[in-house]
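Line by line, the protein sequences give chains B and Y.
For the first sequence, position 35 matches number 34 in the working numbering, and the numbering has no gaps at all.
Take any residue in the second sequence, count from 1 to its spot, add 443: that is its number in the working numbering.
These are computed hints drawn from the structure, not numbers from a lab.
Hints may contain errors.
[Said to hold, decoys possible] With a cut-off of at most 20 Å between alpha-carbon atoms, the simulated SDA-like pairs for lysine to any residue come out as follows: (1) Y/Lys-686 - B/Lys-27; (2) B/Lys-27 - Y/Val-475; (3) Y/Lys-483 - Y/Thr-471; (4) Y/Lys-483 - B/Ser-66; (5) Y/Lys-483 - B/Arg-72; (6) B/Lys-27 - Y/Phe-468; (7) Y/Lys-483 - B/Glu-64; (8) B/Lys-27 - Y/Glu-466; (9) Y/Lys-483 - B/Lys-27; (10) Y/Lys-686 - B/Val-67; (11) Y/Lys-686 - B/Gly-71; (12) Y/Lys-483 - B/Gly-50; (13) B/Lys-27 - Y/Asp-469; (14) Y/Lys-686 - B/Gly-50; (15) B/Lys-27 - Y/Met-473; (16) B/Lys-27 - Y/Ala-465; (17) B/Lys-27 - Y/Pro-597; (18) Y/Lys-686 - B/Ser-66; (19) B/Lys-27 - Y/Leu-470; (20) B/Lys-27 - Y/Ile-688; (21) Y/Lys-483 - B/Glu-76; (22) B/Lys-27 - Y/Pro-525; (23) Y/Lys-483 - B/Leu-55; (24) Y/Lys-483 - Y/Gln-643; (25) Y/Lys-686 - B/Asp-73; (26) B/Lys-27 - Y/Thr-471; (27) Y/Lys-686 - B/Arg-72; (28) B/Lys-27 - Y/Arg-476; (29) Y/Lys-686 - B/Thr-48; (30) Y/Lys-686 - B/Glu-76; (31) Y/Lys-483 - B/Glu-58; (32) B/Lys-27 - Y/Pro-472; (33) B/Lys-27 - Y/Glu-637; (34) Y/Lys-686 - B/Glu-58; (35) Y/Lys-483 - B/Thr-48.
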Amino acid sequence: MSDTATIDPALREHVVETICALLPRVLKREVPDASEGTTLMDDLGMSSTTGLELVLELEDRLEREISVEDLGRDDFETVGTLASYVAGNLLDEE
Amino acid sequence: MTTLAGIGTFVPEARVSIESYAEEFDLTPMQVRVFRRYHKLGSAARSDESLTGLLRLALEDLALSEEQRVRVRYVLYARTFPVVVPYPRNPLHDALAAVGLGHAQAFAVGQQACASGLLAIDLAGRLLAADGDDGLAIVLAGEKAFTGEARFVPETSMFGEGAAACLVAASGERDRLLAYVARLRGEFDGDLDEVAQEFQRIYHDALGEAVTAAVARAGLGLDDIAVILPHNVNQVAWQRTCKRIGFPLDRVLLEHVAAIGHVFCADAFINHRTAVERGLLRPGDRYVIAAAGAGRGATFSAMVFEH
Numbered sequence: 000m001s002d003t004a005t006i007d008p009a010l011r012e013h014v015v016e017t018i019c020a021l022l023p024r025v026l027k028r029e030v031p032d033a034s035e036g037t038t039l040m041d042d043l044g045m046s047s048t049t050g051l052e053l054v055l056e057l058e059d060r061l062e063r064e065i066s067v068e069d070l071g072r073d074d075f076e077t078v079g080t081l082a083s084y085v086a087g088n089l090l091d092e093e
Numbered sequence: 444m445t446t447l448a449g450i451g452t453f454v455p456e457a458r459v460s461i462e463s464y465a466e467e468f469d470l471t472p473m474q475v476r477v478f479r480r481y482h483k484l485g486s487a488a489r490s491d492e493s494l495t496g497l498l499r500l501a502l503e504d505l506a507l508s509e510e511q512r513v514r515v516r517y518v519l520y521a522r523t524f525p526v527v528v529p530y531p532r533n534p535l536h537d538a539l540a541a542v543g544l545g546h547a548q549a550f551a552v553g554q555q556a557c558a559s560g561l562l563a564i565d566l567a568g569r570l571l572a573a574d575g576d577d578g579l580a581i582v583l584a585g586e587k588a589f590t591g592e593a594r595f596v597p598e599t600s601m602f603g604e605g606a607a608a609c610l611v612a613a614s615g616e617r618d619r620l621l622a623y624v625a626r627l628r629g630e631f632d633g634d635l636d637e638v639a640q641e642f643q644r645i646y647h648d649a650l651g652e653a654v655t656a657a658v659a660r661a662g663l664g665l666d667d668i669a670v671i672l673p674h675n676v677n678q679v680a681w682q683r684t685c686k687r688i689g690f691p692l693d694r695v696l697l698e699h700v701a702a703i704g705h706v707f708c709a710d711a712f713i714n715h716r717t718a719v720e721r722g723l724l725r726p727g728d729r730y731v732i733a734a735a736g737a738g739r740g741a742t743f744s745a746m747v748f749e750h
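Construct the entire structure; sequences and hints are all you get.
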């Protein structure tokens, strides 16, 4: 479980921006006005597998590995919840 | 009390990789990576054997004694797909004739897709109990992955070929059936996107609920369960289900997911064989067999046994 108290706000903000930039690529359509509050499944109709594709794309873009051990469905609620999870679960660089 | 008296399996050597599906099923390289990394599905088992051959090999592996063979009264063929060969072929009858079981009443059990194997065990036990004598039944499972639908489930799984034969008795020492729960969810009938999305949304909770309900019905808690023998749908589905019910993932036998794939209704029995070989099941251990089936409607099922 990610500990929100230890998340670097700048990193999280960077992840939010990266997710919004990646959404059209993963969903293969335009996603205007995506923001932190956009719900991934309800607003965008994202499936659980597309959600995992998004996480892999994020790894490529951030050039960091993301620990998915604790990644659950609730973390895919909104762009913001996913960003919190990702920012709190980046594995240390080798 | 229904018992599993013996298990025979056949798992072919040949494999087909997820990468080889990319073109036919329109998978992007990223989707292939998701399959390998999160679903832990990399390949699936394939055989040159016909369906009759797959079933026959599992029956031969069961290695019935002559005394057992003549006592077999019912053979229930548990299937994921309602139709597996064109009429008038009948691989079930052909396989039984080949191993000297032509005298048994043989029929298919379906309608619960990949959860039909558990239904067949329950049904076999009830048929034998109603007869009230020393008759035996065999539950057979395993199919050919030959149509697109029988090879690949989009975003979910790869089907593997193989077969299992399970000897069922109405009483005996091993493995005793303690409880069975099957949750039928008829609302998930249909191919609409909204239905599929809702199915995905409730999948882990529903599968977890079936497991915990079966364990409770057996008068046990999850701490009493030595191992879960899952359907090999994929790893991430079990990861999420386990997280919801608080069961350690390392006590779910998932090692076959990556190599042989989802062997229709035969997964649980193939996994059982592996669990016994690995020493994961010792005499007296309680374990769960669990499966979810989706086709015309969905079924979430779990059985608790004592080894």
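Hint check results:
1. Y/Lys-686 - B/Lys-27: Answer violated: Y/Lys-686 to B/Lys-27 is near 31 Å, above 20 Å.
2. B/Lys-27 - Y/Val-475: holds (16 Å)
3. Y/Lys-483 - Y/Thr-471: holds (17 Å)
4. Y/Lys-483 - B/Ser-66: holds (15 Å)
5. Y/Lys-483 - B/Arg-72: It holds: about 18 Å lies between the C-alpha atoms, which stays within 20 Å.
6. B/Lys-27 - Y/Phe-468: holds (17 Å)
7. Y/Lys-483 - B/Glu-64: Within the cut-off at roughly 17 Å; holds.
8. B/Lys-27 - Y/Glu-466: holds (18 Å)
9. Y/Lys-483 - B/Lys-27: Judged against 20 Å, a Cα distance of about 24 Å means the pair is violated.
10. Y/Lys-686 - B/Val-67: Distance ~12 Å between Y/Lys-686 and B/Val-67 Cα, so the pair holds.
11. Y/Lys-686 - B/Gly-71: Distance ~8 Å between Y/Lys-686 and B/Gly-71 Cα, so the pair holds.
12. Y/Lys-483 - B/Gly-50: holds (16 Å)
13. B/Lys-27 - Y/Asp-469: holds (14 Å)
14. Y/Lys-686 - B/Gly-50: holds (18 Å)
15. B/Lys-27 - Y/Met-473: Satisfied, since the Cα-Cα distance of roughly 13 Å is no more than 20 Å.
16. B/Lys-27 - Y/Ala-465: holds (17 Å)
17. B/Lys-27 - Y/Pro-597: holds (17 Å)
18. Y/Lys-686 - B/Ser-66: Cα-Cα ~15 Å, so holds.
19. B/Lys-27 - Y/Leu-470: holds (13 Å)
20. B/Lys-27 - Y/Ile-688: violated (35 Å)
21. Y/Lys-483 - B/Glu-76: violated (24 Å)
22. B/Lys-27 - Y/Pro-525: Violated, at about 35 Å.
23. Y/Lys-483 - B/Leu-55: holds (14 Å)
24. Y/Lys-483 - Y/Gln-643: Holds: Y/Lys-483 and Y/Gln-643 sit about 18 Å apart, inside 20 Å.
25. Y/Lys-686 - B/Asp-73: holds (12 Å)
26. B/Lys-27 - Y/Thr-471: holds (11 Å)
27. Y/Lys-686 - B/Arg-72: holds (10 Å)
28. B/Lys-27 - Y/Arg-476: Roughly 17 Å between the alpha carbons, so the hint for B/Lys-27 and Y/Arg-476 holds.
29. Y/Lys-686 - B/Thr-48: holds (18 Å)
30. Y/Lys-686 - B/Glu-76: holds (17 Å)
31. Y/Lys-483 - B/Glu-58: Holds, at about 18 Å.
32. B/Lys-27 - Y/Pro-472: holds (14 Å)
33. B/Lys-27 - Y/Glu-637: Since the Cα atoms of B/Lys-27 and Y/Glu-637 sit roughly 19 Å apart, the hinted pair holds (cutoff 20 Å).
34. Y/Lys-686 - B/Glu-58: Violated - the C-alpha atoms of B/Glu-58 and Y/Lys-686 are around 23 Å apart, more than 20 Å.
35. Y/Lys-483 - B/Thr-48: holds (13 Å)
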